[in-house]
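A.B. asks: As they're listed, the protein sequences go chains A and B.
Residue 715, in my numbering, is where the first sequence stops; the numbers in between run on with no holes.
Residue 827, in my numbering, is where the second sequence stops; the numbers in between run on with no holes.
Hints are computed from structural coordinates only; laboratory data are not their basis.
Among the hints, a few may not be true.
[What the hints assert, rightly or not] Only pairs whose alpha carbons sit at most 27 Å apart, straight line, appear in this in silico DSSO-like list of lysine-lysine:
hint : chain 1 : residue 1 : chain 2 : residue 2
1    : B       : 660       : A       : 702
2    : B       : 749       : B       : 775
3    : A       : 601       : A       : 666
4    : B       : 660       : A       : 710
5    : B       : 536       : B       : 546
6    : B       : 586       : B       : 546
7    : B       : 536       : B       : 551
8    : B       : 749       : B       : 785
9    : A       : 710       : B       : 622
10   : A       : 483       : A       : 602
11   : A       : 477       : A       : 575
12   : A       : 702       : A       : 477
13   : A       : 599       : A       : 664
14   : B       : 724       : B       : 494
15   : B       : 546       : A       : 644
16   : A       : 502       : A       : 575
17   : A       : 600       : A       : 664
18   : A       : 483       : A       : 644
19   : A       : 477       : A       : 666
20   : B       : 660       : A       : 711
21   : B       : 697       : B       : 494
22   : B       : 697       : B       : 622
23   : A       : 585       : A       : 602
24   : A       : 516       : B       : 726
25   : B       : 785       : B       : 487
26   : A       : 710       : B       : 487
27   : A       : 644       : B       : 622
28   : B       : 466       : A       : 575
29   : B       : 660       : A       : 644
30   : A       : 585       : A       : 702
[Unchecked claim] Each pair of labels, with its calculated beta carbon distance range:
hint : chain 1 : residue 1 : chain 2 : residue 2 : range
31   : A       : 486       : B       : 811       : 44 to 54 Å
32   : B       : 709       : A       : 683       : 48 to 58 Å
33   : A       : 581       : B       : 771       : 51 to 61 Å
34   : B       : 642       : A       : 602       : 42 to 52 Å
35   : A       : 654       : B       : 550       : 26 to 36 Å
Note that CB positions come from ideal geometry on N, CA and C, so glycine has one too.
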Amino acid sequence: MSSYYKEYFNSKGKDVYSVDIFDTVLLRNYKSEYFRFYELAKIVKSEFELSIPVQSIFYARVEAARLAYYIYGDKQSKEPSIDYIYTLMFNVLGITPSGELLAKMLSLELLYEKTQLSPNLPLINFLKKKKEQGALIIGISDMYLNSSSIVDLVYSNGEELIFDKLYSSADFKESKREGSLYEIVINDLGLNKDKFIHCGDSYHSDFVMANNYGISAVYTPRTKIWQLRNKLSHYMMLKKMGIA
Amino acid sequence: MATEKQTKSLHDVKENGNSMIDTYSKMFNVYCLLLNAALESKNINKKLFLSRGGLRLRRLYGKCHPNADKQSLDFYTSRLATIKASTYIAPEITTIDMAKEYYGMSLDSMLKCFLGAEYYQKFTETKKLNELDELESTLVQQSKLLDLFGFNGEPFLRDFVKGQYELLCQYWRESVEIDDEIALIDTGWSGTIVFYLKLMFPNYNINAFFFGKTTYGGPSYDYHMFVHGVMFDTNKVIPGHGFSYLIENRHLIEMICEPQCASTESYIFDGLKVHPNCGVIPEEVIIGSQDDIYNKILLKMKPEQGSLALNYFRDLRRATLYPSKKDVEFLSGSSRSADFGKEIQVQILLKSSSNPISKIKNIRSSLWRNGQVVREFGRLGRLYLYLNYQVFPYVPWLRRFTK
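Sequences and hints are given; from them, build the entire structure.
C.D. replies: And the structure:
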């Protein structure tokens, strides 16, 4: 267990324990996001029996995710939903995006994600203990998956229900990165910020922005070796894509 | 405007055995795929392709998506035309842009450009000699422009902008309905035209889908949320974003997409309909001659769905970010026309200098900085650019050296 969590575990007098989900409660293997998109493209090609090359499906997914951040919604800080990303992706591929198609695509992505995740047991055990002691346990995630999909991922890892509430940027169209999601959480729960502590692996989103909103936060990054392997995986994918 | 010389040079640059014309046609194909996906996702039913660059994009889009092109039309406008019209309702805003555009000019010269020859002549007839002398000796400043164009400004000028406002309103209503989902499509970049059209028509649903969007490092304003860059939406190259490198050579995209004709500077009414002062651009001018790069690209475009196995056009990326001397030379004679009625040609690349300080100045003022770096510093410059884009971003302790 990383020593980064010590401060979080030793915190006193808190009523609400908040955690980031990905790479905090659920630990991904070191493969980069683009690598996962590529693997997913292979699955999509085979499951939907598409004649389109895997590379095209992969680029459509990458570009749909990028474009969605630019054009989704009517606010400056745009947090696209996964359905919108899929809609763009299928439009690019020249496939009409029906509701059924989008649902199947989501289930494929969730199935694949599940194979890439493992639970952070020390953290989960700590949260369970705190829950038994009467604390409120919440998850806050900047993710294109909505909270019900995230719940699916959390509990498919064999864990019982520990979260009292989950907040995903995809549901609220606000983000931790901008800080606005923290405001929503605070208003929704009607909390005293002094009784609230959050931890996560993003220095900016989980530490700086939480602090900016008056929430105690602990920065809990992945290990240096994991970060190095992740960066290497990302770099290798960029090389493969012709942009590094 | 791309010349024959450049066409030949572009043909010389090979990528996997194909000419750069092929590369550009594939790139525009990807743009059309992404544009169409974005328009469909937003349920757009009215696509206005803005002159001049948008007119050429429309022909490319029409070749890729013949059915989707049915709800499209050419819309003649420009920053100058929208500013003229908007000055009637918001002179305190438009004069800020006017002051920037005509910086360093006298009010007299500015008015010549802004009004055009015919209206400038009429304007001078309403003034006394000493008043004209004062205009000639006064430099453009926002406060002075407000004195001229503000709500209590010169009656002749107020009448002029009122006329332009009414004509643009009429032209707009001839083109769109109030309940349309409207897309403004153009090459780019920061969306000033979108801002002014939204200012004039606040009750219309307007989104812009540009080839690329950048705020040039400036702040993001509210209207920017309605301006979308289809290929890139950034102020600098982002390592993980495939097409963000195109921002470094957006002038080449603009040069390819700009037909050789005058820009819309104002609107006129012929008794039946409103027209741009430059007239409707003939189809053969939009498409260009056989030697025109755009024409060659257009010929290669075809309806193609889902073809995205593109690798982000590795060689085009290289030629844009850290070009060889050969890559740089094909743009050596290229120039772009300045906007706002100024009859000036701006060189994309400046002549190399031997003085180190002038070299830096040249790089700063060049329209293609990376090309200018290579022109000024040769292989050493290219090495620096290579490190800047290919090495520094991936080594954390070297990141501080990136641009």
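A.B. asks: For every hint, state whether the structure bears it out.
C.D. replies: Each hint, compared with the structure:
1. B:660 with A:702: Given pair residue 660 (chain B), residue 702 (chain A) holds - Cα atoms ~21 Å apart, limit 27 Å.
2. B:749 with B:775: holds, 14 Å
3. A:601 with A:666: The given pair, whose Cα atoms are some 13 Å apart, holds under the 27 Å limit.
4. B:660 with A:710: Since the Cα atoms of residue 660 (chain B) and residue 710 (chain A) sit roughly 20 Å apart, the hinted pair holds (cutoff 27 Å).
5. B:536 with B:546: holds, 11 Å
6. B:586 with B:546: The given pair, whose Cα atoms are some 16 Å apart, holds under the 27 Å limit.
7. B:536 with B:551: With Cα atoms ~14 Å apart, residue 536 (chain B) and residue 551 (chain B) stay inside 27 Å; holds.
8. B:749 with B:785: Status holds; Cα separation ~20 Å.
9. A:710 with B:622: Cα-Cα ~42 Å, so violated.
10. A:483 with A:602: holds, 14 Å
11. A:477 with A:575: Given that 27 Å is the threshold and the Cα spacing comes to 41 Å, the pair is violated.
12. A:702 with A:477: Distance ~26 Å between residue 702 (chain A) and residue 477 (chain A) Cα, so the pair holds.
13. A:599 with A:664: Cα-Cα ~21 Å, so holds.
14. B:724 with B:494: Holds: residue 724 (chain B) and residue 494 (chain B) sit about 21 Å apart, inside 27 Å.
15. B:546 with A:644: violated, 54 Å
16. A:502 with A:575: holds, 24 Å
17. A:600 with A:664: holds, 21 Å
18. A:483 with A:644: Answer violated: residue 483 (chain A) to residue 644 (chain A) is near 32 Å, above 27 Å.
19. A:477 with A:666: holds, 18 Å
20. B:660 with A:711: holds, 22 Å
21. B:697 with B:494: holds, 22 Å
22. B:697 with B:622: Judged against 27 Å, a Cα distance of about 23 Å means the pair holds.
23. A:585 with A:602: Holds - the C-alpha atoms of residue 602 (chain A) and residue 585 (chain A) are around 25 Å apart, at most 27 Å.
24. A:516 with B:726: Satisfied, since the Cα-Cα distance of roughly 24 Å is no more than 27 Å.
25. B:785 with B:487: violated, 42 Å
26. A:710 with B:487: violated, 32 Å
27. A:644 with B:622: holds, 24 Å
28. B:466 with A:575: holds, 22 Å
29. B:660 with A:644: Judged against 27 Å, a Cα distance of about 25 Å means the pair holds.
30. A:585 with A:702: Judged against 27 Å, a Cα distance of about 21 Å means the pair holds.
31. A:486 with B:811: 44 to 54 Å: Holds - the Cβ-Cβ distance for residue 486 (chain A) and residue 811 (chain B), about 51 Å, lies within 44 to 54 Å.
32. B:709 with A:683: 48 to 58 Å: holds, 54 Å
33. A:581 with B:771: 51 to 61 Å: holds, 54 Å
34. B:642 with A:602: 42 to 52 Å: holds, 48 Å
35. A:654 with B:550: 26 to 36 Å: Roughly 57 Å apart at Cβ, these two residues miss the hinted range, so it is violated.
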